[in-house]
Amino acid sequence: MTRTGKGLLRTGGLALAMTALMAGTALSKDAIRICSIDDRSGAAADTGNESYRGLKMAVEAANAAGGINGHMIEMIEYDGKTDPQLSASFAARCAEDDNALLIIGGNPAGPAAAVMPIAGEYDIPFFMLSAGTDNLTDNPAPWLFRFGPRNAQDAIAYAQLLDQQGFKKVALIYNTLPFGLDSATVARKYLAEHGISVVAEEGYDIAATDLSPQVLNLKASDAEAVLVFPYPADGARVLKTLDQLQVGKPVVVSRSALLKTLREIAGPASDGILIPNTVDTGRADVQAFFQAYEQAYGEETQPTLYPVIGYDAGMVALQVMARPDVMAAIEGGDIQAARTALRDGVLAQGTFKGLQGKETASYSFADDKRHGSPDQDWFIFTTVANGGADLVPPDLSKFVPAH
Amino acid sequence: MDKFSVLLFSGLTNGSVYGLVGLSLSLIYGANRVINFAQGEFVMIGTMSAILFMATYNLSLPVALVLTLGVVLAMALALEFAVYLPLRRRGAPPLTIMIGTMAFAITTMGLALLVWGPNQLSVPNILPMEPMTVGPLITNWQQLAIIGAFVAFLGLTWFILYRTSFGLAIRATGVDPKVALLMGIRSDRIVRFAFLFSATVSGLAGVLIGPLLGGQISIGVALTVKGFMAAILGGLGSPFAAAAGGLAIGVAEAMIAGYGNSLYAEPIIFLIILMILFVRPYGLLGDFEAARR
Chain U
1 MTRTGKGLLR TGGLALAMTA LMAGTALSKD AIRICSIDDR SGAAADTGNE
51 SYRGLKMAVE AANAAGGING HMIEMIEYDG KTDPQLSASF AARCAEDDNA
101 LLIIGGNPAG PAAAVMPIAG EYDIPFFMLS AGTDNLTDNP APWLFRFGPR
151 NAQDAIAYAQ LLDQQGFKKV ALIYNTLPFG LDSATVARKY LAEHGISVVA
201 EEGYDIAATD LSPQVLNLKA SDAEAVLVFP YPADGARVLK TLDQLQVGKP
251 VVVSRSALLK TLREIAGPAS DGILIPNTVD TGRADVQAFF QAYEQAYGEE
301 TQPTLYPVIG YDAGMVALQV MARPDVMAAI EGGDIQAART ALRDGVLAQG
351 TFKGLQGKET ASYSFADDKR HGSPDQDWFI FTTVANGGAD LVPPDLSKFV
401 PAH
Chain C
1 MDKFSVLLFS GLTNGSVYGL VGLSLSLIYG ANRVINFAQG EFVMIGTMSA
51 ILFMATYNLS LPVALVLTLG VVLAMALALE FAVYLPLRRR GAPPLTIMIG
101 TMAFAITTMG LALLVWGPNQ LSVPNILPME PMTVGPLITN WQQLAIIGAF
151 VAFLGLTWFI LYRTSFGLAI RATGVDPKVA LLMGIRSDRI VRFAFLFSAT
201 VSGLAGVLIG PLLGGQISIG VALTVKGFMA AILGGLGSPF AAAAGGLAIG
251 VAEAMIAGYG NSLYAEPIIF LIILMILFVR PYGLLGDFEA ARR
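Protein chains in written order, with full-length UniProt numbering: chain U, 1 to 403; chain C, 1 to 293.
Keep in mind that the hints were calculated from the coordinates and are not lab data.
Some hints could be false.
What the hints assert, rightly or not - With a Cα cut of at most 27 Å, we get these calculated DSS-like pairs of lysine-lysine:
| id | chain 1 | residue 1 | chain 2 | residue 2 |
| --- | --- | --- | --- | --- |
| 1 | U | Lys-169 | C | Lys-3 |
| 2 | C | Lys-3 | U | Lys-249 |
| 3 | U | Lys-219 | U | Lys-169 |
| 4 | U | Lys-353 | U | Lys-249 |
| 5 | U | Lys-219 | C | Lys-3 |
| 6 | U | Lys-353 | U | Lys-56 |
| 7 | U | Lys-353 | U | Lys-369 |
| 8 | U | Lys-353 | U | Lys-398 |
| 9 | U | Lys-398 | U | Lys-189 |
Chain C with its partners taken away, still in its complex shape (with noise of 0.2 Å):
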C-alpha cells in the first residue's frame, strides 16, 4: 500500500464533501448573495430521511431516494418561502436573511428531533461497505460514489451554467442582479434554482455520508462549517472555486495528517487559509468575485 495514494484517497474523499456543500453554498450566494447556514441541514435530513425511508418504512432503494429528495426539495422550498422571500420583500440586507437561514437551520434540528430522535443512528448503505482493493488503495463502494457525486455534480453545474440559457440567465444574474432584471430574466427563477439545485446536491451528499458519518440531527453544524471554509478558501462567488477548496481541504488535512501530527491539522488548515486570504482576499480562484466587486 504506497503511503501517499491511500493520503491522497482520503483527502479526495473527505474533500469531495466539503466540497458539495461548498459548491452548493456558493450556487445560493451567486444567485442572492446570501450565505445560507442551513446548508448543512440539507445534507442532515438527507442522511436522516435515508433512515426513515430506506430503514424505518424498508422502502425499495429507488423509491427510497425519490421521497428523500422530495423531502430535501420541500425543506428548500420551505426556506425560500418562509424565510428568504418575506425578509427580501421587507428590505432586509443579506446579513438579516444570513441570520433568518440560521434561525431556519435550529429550527429544522428542532423538528428533526421530534421525527429522528436524538441518539445516533445507524445509516443504511445503497453500495457495498466491504474493504477492496483498487492498485495500491483499499477502498469501498461507497467511499468511491462519494468522489463520483462529487465528480457528477460538478459536472452538471458545469453544463447547466454554461451549456443551456437558463444557466446564461444565472451567471448574468451572479455578475449584477440589477442589469439582469432590466434585461427580463426573472431573478425569482434563479434563486429558486439554487435552493432546489443546492439542497438536491446536499442531500444526496447526505445519503452517501449517512453510512461512514453516522445519522445523528445534529451532523450539518460541522458541515456548514467546512463547506463555508472551503467556499472562503477557494473563492465564495464561484461553484467551481468552492468545491476545488473543498478539495484542498481535505487533502491537506490529509497530509499533514499523514505525514505531520493530525492533532494539529485543523488548527494548521485553518491558519493557511488565513495567510492565504491576506494574500488572496476573494480566494485562491476569487479573480471573478474580486472583479465583480
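Chain U on its own, in the form it takes in the complex (with noise of 0.2 Å):
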C-alpha cells in the first residue's frame, strides 16, 4: 500500500476513533445491529459478494477504532439468492426478529424492488446499491436511499461519449431479461436526445448458445458503433461472436463487463471494449481502497463500483450513526426512533464524499430525490486489456466511428 493511501484510510479510521472518545463511553455497551441483504450465491453473486466485503470493510475499520459512541457494529447477514420473496422475508426478520438499524444490500433489482415495501411497512431505512432500474426511485420511497447509478444515467453516460468521439448511429444487442430490456429503453431515449439514431437491435434468450443471427443483422446495418447490454456470461457470449463473425465495429458493454467472469469467458474478445464505470482509478483514496481491499481478501480484484458502493453505503450509514439524535434514540432503547432518526439524518446532512465518482462529485439525497449519484461527473470509461484480464484507462482517440 502507497504511503498516501495507508495515510488515508488511516484518517478514516481516525475520524471514526475521535468520535467514539469524544463520546466517552464504555466498549461493553450494546452492539448496533445492521443487516445486509443481497445476492450471495445466484445469477449476481459476483456483485452482492464484492458489496458485502465492501461494507465489511467500512464496519470492521469502524469497530477497529473502538465502534460509534462505544457500540460495536454487528452485521447481520442474509444471502438473498436472487429471489425477490426470499429477500423480502429477510427483510422482514431484519426489521422485527434482529432489530437492525437499516438494512443495507440490493444489487440485483428484482429482489431490491421486494425489500423496498418491506421498509415501508416497518419503518426500517433501507440503503440500495447497484440495482440500476429507473423506476425503484422515480417516486421516492420514504425509508429507501440508492448508491448506485440507474440505468439512466449510464444510459447518459453512453449518449454523451458517444456524441463526443462522433457517432451518430449505434446498433443495440441485449438479453432478453428485465436489465437488458430496461437499459435499452432507457439507452433509445438518451441516445435519441444527443442526436443518435439506433439503427439495429437485438434481444437474445441467455440460454442460447449461438448468437449468430443476431450479430449477423448487426453486421449488416449500417451501425458505427454496438452497444451491448448482458449478463456475464452471455455478454462473453456476445463478444465472442462479434469476434468470430469479424463485425469490426468499437463496442461499448454496460457495467456487468466490469465482473471478472465475464471478461474470464470472453477472453481476448473482450479487449477493447469500453464499459462505463463509477471507479476512478487516478484517486488516491480509491487507490488506497483497493489495495487494503486485496490485503483483506487476498485475492487481485479490479477496480469496479460494487465493492466501492458497499464501503460508501456503509460509511454513510456509520457517519449518521454517530449524529447526537441517532445516538439517543440508540441508548435509550428506542429502535424505532432511531431508524427515524437515521433516515431524517441523512435527509438533514443531504450531501457526502465517498470513492464513487469523480473527486468533485458527491452523493446528493433529498427528500424527494432518493438517488445519491448525481448525472454529470459520476462514470469514468474504462477498457480492457491482456486478454480480458486487465480493466484501463482507454485510449479514447481509437474509439471513432468504424468506416
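Take the two lone chains, each set in its own frame, and fit them into one complex as the hints suggest.
The structure is reproduced here in C-alpha cells:
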C-alpha cells in the first residue's frame, strides 16, 4: 500500500475513533445491528459478494476504532439468492426479529424492489446498492436511499461519450431479462436526445449457445458502434460472436462487463471494449481502498464499482449513526426512533463524499431525490486489456466511428 | 457469408443442445412415464465437473472426461435409488415422482453451490475455439462438436433400440410395461439403463456447451425447459421425435431472429408450438405415443 493510501485509510479510521473517544463511552455497550441482504449465491452473486466485502471493510474499520460512541457494529448477513420473496422475508426478519437499525443491500433489481415495500411497512431505512432499474426511485419512498447509478445515468454517460466521439448511428444488443430490456429502453431515449439513431436492435435468450443470427443483423447494419446490455456469461458469448463474425465495430458494454466472469469467459474477445465505471482509479483514496481490499481478502481484484458501493453505503450509515439524535435513540433503547433519526439524519446532512465518481462529485439525497449519484462527473470509462485480464484507462482517440 | 446458411447452422447448434436434453428426457419417460425435471442438472453437473477436473485439478482430458462421466452416473444412480425407487415402492403416481425429481434438482443445485460457489466460471474448452471458415460459414470446433455429439448420440440410441435385444426390451416396456413384465423383461433394469444413458448424454452435452455458455450452478433450469419444449413439440414418447423437436425449435429461433425480430422469437415459437399441439396433441411425430394410448 502507498504511504498516501495508508494515510487516507488511517484518516478515515481516526475520524471514527475520535467520534468514539469524544463521546467518552465504555466499550461494553450493546452492539448496533445492521442487516446486509444481497445476492451472495445466485445470478448476481459477484456483485453481492463484492459489495458485502466493501461494507464489511467499513464496519471492521469502525469496530477497530472503538465502534460508534462505544457501540460495536454487528453485521447480520442474509443471502437473498436473487429471490425477491426470500429477500423480502429476510427484510421482515431484519426489522422485526433482529431489531436492525437499517438494511443495506440490493444489487439485483428484483430482490431490491421486493425489499422496498417491507422497508416501508416496518419503517426501516434501506440503503440500496447497484440495482439500476430507473423506476425504483422515480417515486421517492420514505425509507429508501439508492447509492448506485440508475440505468438512465449509464445511458446518459454512453450517449455523451458517443456524441463527443462523433458517433451518429449505433446498434443495440441485449438479453431479454429485465436488466437488458430496461437498459435498452433508457439507452434509446438518451441516444435520441444526443441525435444518435439506433439503426439495429437485437434481443436474445440467455440460454442460447449461438448468437450468430443476432450478430449477423448487427453486422449488416450501418451502425458505427455496438452497445451491449448483458449478464456476464451471455455478454461473453456476444463478444465472442462479434469477434468470430468479424464485425469490426467499436463496442460499449454495460457495467456487467466490469465483472471478472465476463472477461474471463470472453478472453481476448473482450479486449478493447469500453465499459462505464464509477470508480476513478486516478484517485489516491480509491487506490488505497483497493489495496486494502486485496490485502483483506487475499485476492487480486479489478477496480469496479461493486465493493466501493458497499463501502460507501456503510460509511454513510456510520457517519449518520454517530449523530447525537440517532445515538440518543439507540441508547434510550428505542430502535424505531433510531431508525427515524437515521433516515432524517441522511436527509439533513444531504451530501456525502464517497469513493464513487470523480473527485469533485458527491452523493446527494433529499426528500424528493432518493438516488444519491449525480448525472454528471460520476462515470469514468474503462477498457479491457491483456486477454480480458485487466481494466485500464482507454485511449479514446481510437474510439471513433468505424468507416 | 451466406446468411441463410449461417442461420441454419446456428439453429442446428442451438437445436442440438435442446435435442440432446429432449432425447434424454424422452428416454426416461419412455421407460417409466416420468418427466425428469432434474435432466438439466445433469448438464450442469457435466459442465461444473469439467471445471473441477480440467481447471481446478488440471487433470488430462481423458482422465477428466472419465471422472466427469463418473460423477454424472453416480448422480443418476442417486436419483434412481434416493428418489425414484422409494416413491415407486410406495405406489406414488408419476406426477408425485416428477415432483420428487424437482426436489432432487433443487438439492443438487444446493450441493453444487457448496462445491463450486455462486459465481459464473470459465469452462475449459476441449476443442479449439478459434474461428474457422467452413464453406459459407465461420464457426469453431466446439460448435461442430455439439452437432457431432447430437448425431452420434442419435445414432447410438437408434442402434441400441433397434439393433440389440436389450433395445427390444426397452421398446416393449415403453409399449406396455405390465405385458413386458409378464414376458420376463425386468423393467427395473430398463429404468436404470434409461437413467444412466440419459445422464451420460446430458453430462457430455454439459462438457461441450460449457465453454460457450459458461459454468454456473443455475444453468440447468433453462435447459430443462428447452428440452421439455423439444420433447413436447416432437412427441414425448419417442427419443427421435424429441430430438427432432429440439432441432425444429433451434432452427425456428434462428430464422425468426435472423429474418424477423429476435426480441419476439421466443413468444412466437411458444405460439407456434401451441398451434401445432392444437392440431397434433401428441407432437409433430407423436403417432407412437398417440397409438399407445
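Hint by hint, here is what the structure shows:
Our distance criterion of 27 Å between C-alpha atoms is met by Lys-169 of chain U and Lys-3 of chain C, whose separation comes to about 23 Å. Annotation: proposed proximity of Lys-3 of chain C to Lys-249 of chain U holds, straight-line Cα distance about 19 Å (limit 27 Å). Only pairs whose Cα atoms come within 27 Å are accepted, and Lys-219 of chain U paired with Lys-169 of chain U is accepted, the gap being roughly 13 Å. Distance check on the hinted pair: Lys-353 of chain U and Lys-249 of chain U sit about 38 Å apart at the alpha-carbon level, beyond 27 Å; violated.
Between Lys-219 of chain U and Lys-3 of chain C the alpha-carbon distance is near 11 Å, which keeps this suggested pair within the 27 Å criterion. Our distance criterion of 27 Å between C-alpha atoms is met by Lys-353 of chain U and Lys-56 of chain U, whose separation comes to about 19 Å. Restraint check: the Cα-Cα separation between Lys-353 of chain U and Lys-369 of chain U comes to about 17 Å, which is no more than 27 Å; the hinted pair holds. With a CA separation close to 33 Å, the supplied pair Lys-353 of chain U and Lys-398 of chain U exceeds the 27 Å bound.
Among the hinted pairs, Lys-398 of chain U with Lys-189 of chain U is consistent with the structure: their alpha-carbon atoms are about 26 Å apart, no more than 27 Å.
Checked against the numbered hints above, the structure breaks hints 4, 8 and satisfies the rest.
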